[in-house]
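K.L.:
Using the hints, position chain B against chain A.
Chain by chain, the residues:
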Amino acid sequence: MKTIRWGFTLAVLLSGALHAAESGTALKSDDLKAEPFRDAKTVVMLAAGDKVDILNKDGGWLQVKSAKGKGWVRMLSIRKSDARKGSGNASGLLALSSGRAGTGKVVATTGIRGLNEEELKAAKFNEAELKRAESYASSKPEAAKFAASGKLVARPFDYLPAPK
Amino acid sequence: MKCKTLWILVLALCSTTVWGANPFEQELLKTLKQGVQQQVTGGTATSIEEETVIGRQVAGNLLGAVPLVKDAKLQKYINNVGRWVASQSERSNFEWRFGVIDSNDVNAFAAPGGYIFVTRGLYRLLQSEAELAGVLAHEVGHVIRQHHLKILQQSKLIDLGSKVVTKNVGGNDKVQNLIGSGAEIVSRSLDKDAEFEADRIAVVLATRSGYDAFGLPTVLQQIGHFAKDDGDIALLFKTHPHPDDRLGKLGSAMGERFDGVKGKTLEKRLYRVKP
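Chains as they are written, first to last, in this note's numbering: chain A, 1 to 164; chain B, 1001 to 1275.
I should point out that these hints are in silico values taken from the structure, not numbers from a laboratory. Treat the hints loosely; a few may be bogus.
Calculated pairs, BS3-like style, for lysine-lysine (alpha carbon to alpha carbon, straight line, at most 25 Å) [claimed, not checked]:
(1) A:Lys33 - A:Lys57
(2) A:Lys164 - B:Lys1192
(3) A:Lys80 - B:Lys1238
(4) B:Lys1264 - A:Lys145
Have a look at the derived ranges for each label pair, beta carbon to beta carbon [what the hints assert, rightly or not]:
(5) B:Glu1095 - A:Val153: 23 to 31 Å
(6) B:Thr1239 - A:Ala162: 14 to 22 Å
(7) B:Pro1241 - A:Ala48: 29 to 37 Å
(8) A:Ser81 - B:Arg1257: 26 to 34 Å
Short derived list, chain B residues pointing at chain A, Cβ under 7 Å [to be verified]:
(9) Asn1061
(10) Gly1064
(11) Asn1079
(12) Arg1083
(13) His1147
(14) Leu1235
(15) Leu1247
Note that CB positions come from ideal geometry on N, CA and C, so glycine has one too.
Isolated chain A, as found in the complex (with noise of 0.2 Å):
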């Protein structure tokens, strides 16, 4: 127990330095921008499988560091290295940081777990639990003043066709 409270001091300490601390890999090759967008100037081409330490996000952009140098590359490039679940103490200390402590193998808060096709077949119709779910429904008025609440703006954007 002490270990944790330990442990997580330690992550809300080094909270800002542990985001730097992700790393990742290139998924194919795109270029490396000195700013986050496309017309920015390109510093250095990165290769499939260059190793990057992920420093900054912006919208669809990642600022990266590699050995070729730094700069602002296309988060879908990147491949990020497992940081956030497995075993170790980097991904105990992430976890923790983002509030996800207890998430999978530590404590197991529900009794249910590893949610399977023989659970669900088996799975009974429950009346009461549906009209529950179904109470908690927003309208879409009240949707609409929950998103102006947060500064959400509706704005057309077409559908993407599928990739050739």
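P.N.:
Coordinates of chain B only, in the frame set by chain A:
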């Protein structure tokens, strides 16, 4: 015809126990099947009522296996986010329902008619409202493109020849017959292309809603790290293409289209569940 269908469905819903009469039962199954076929084949008479009857049964079964997290604020919150996102789709007038269910599994489920559930295990991984919006938008994508209805037909779960009505399952026996056992349907793999399509829809609906488009991709990057043999994510990995494949496909589809499109992430507004 339309009126008759609705009338029969209403009756069926209201009085499952009173009803054993064959002609009615057959009529119901017939109309349901027609409805599904019409929707799948793009026929004209799309019936939201029929879709909702099927979805309601699936949702009730799923909740029979895994109840909601007992946190009214959380449930209201997810309905607000989900309804806002769904409002940006072509089915904005559906009665959409969202919920967080009490499982450590990392998964999300959609049933026809607009019933969408996220597990507590997945919810806990989320870091912002935009990520939640992205996950819900993926499920909304399945609903609006009727991916599960297509499965119902392809997998021949619609077995009209069978006189065997599952007993003691509760809800609507006739509809239950149509969808197979329990909530099995939600654990079925959709076509890979259906998953990629739902991903593409998700980033668009999130953007239309004013959110950062990269909520879902961020979640995919996170779950991509889970070991395949991790019990909490086994079902998701079994029924979906690997997150890396999904990110690759999504990256190609998004290309430069989202450059300069800013959106909100709303980290602070994300409702945090108790650990």
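K.L.:
Each hint should be assessed against the structure and marked as holding or not.
P.N.:
Each hint tested on the structure:
no.	hint	result
1	A:Lys33 - A:Lys57	holds, 13 Å
2	A:Lys164 - B:Lys1192	holds, 15 Å
3	A:Lys80 - B:Lys1238	holds, 21 Å
4	B:Lys1264 - A:Lys145	holds, 16 Å
5	B:Glu1095 - A:Val153: 23 to 31 Å	holds, 25 Å
6	B:Thr1239 - A:Ala162: 14 to 22 Å	holds, 20 Å
7	B:Pro1241 - A:Ala48: 29 to 37 Å	violated, 20 Å
8	A:Ser81 - B:Arg1257: 26 to 34 Å	holds, 28 Å
9	Asn1061	holds, 4 Å
10	Gly1064	holds, 4 Å
11	Asn1079	holds, 4 Å
12	Arg1083	holds, 4 Å
13	His1147	violated, 14 Å
14	Leu1235	holds, 6 Å
15	Leu1247	holds, 6 Å
Comparing the model with each earlier hint shows violations of hints 7 and 13; every other hint is respected.
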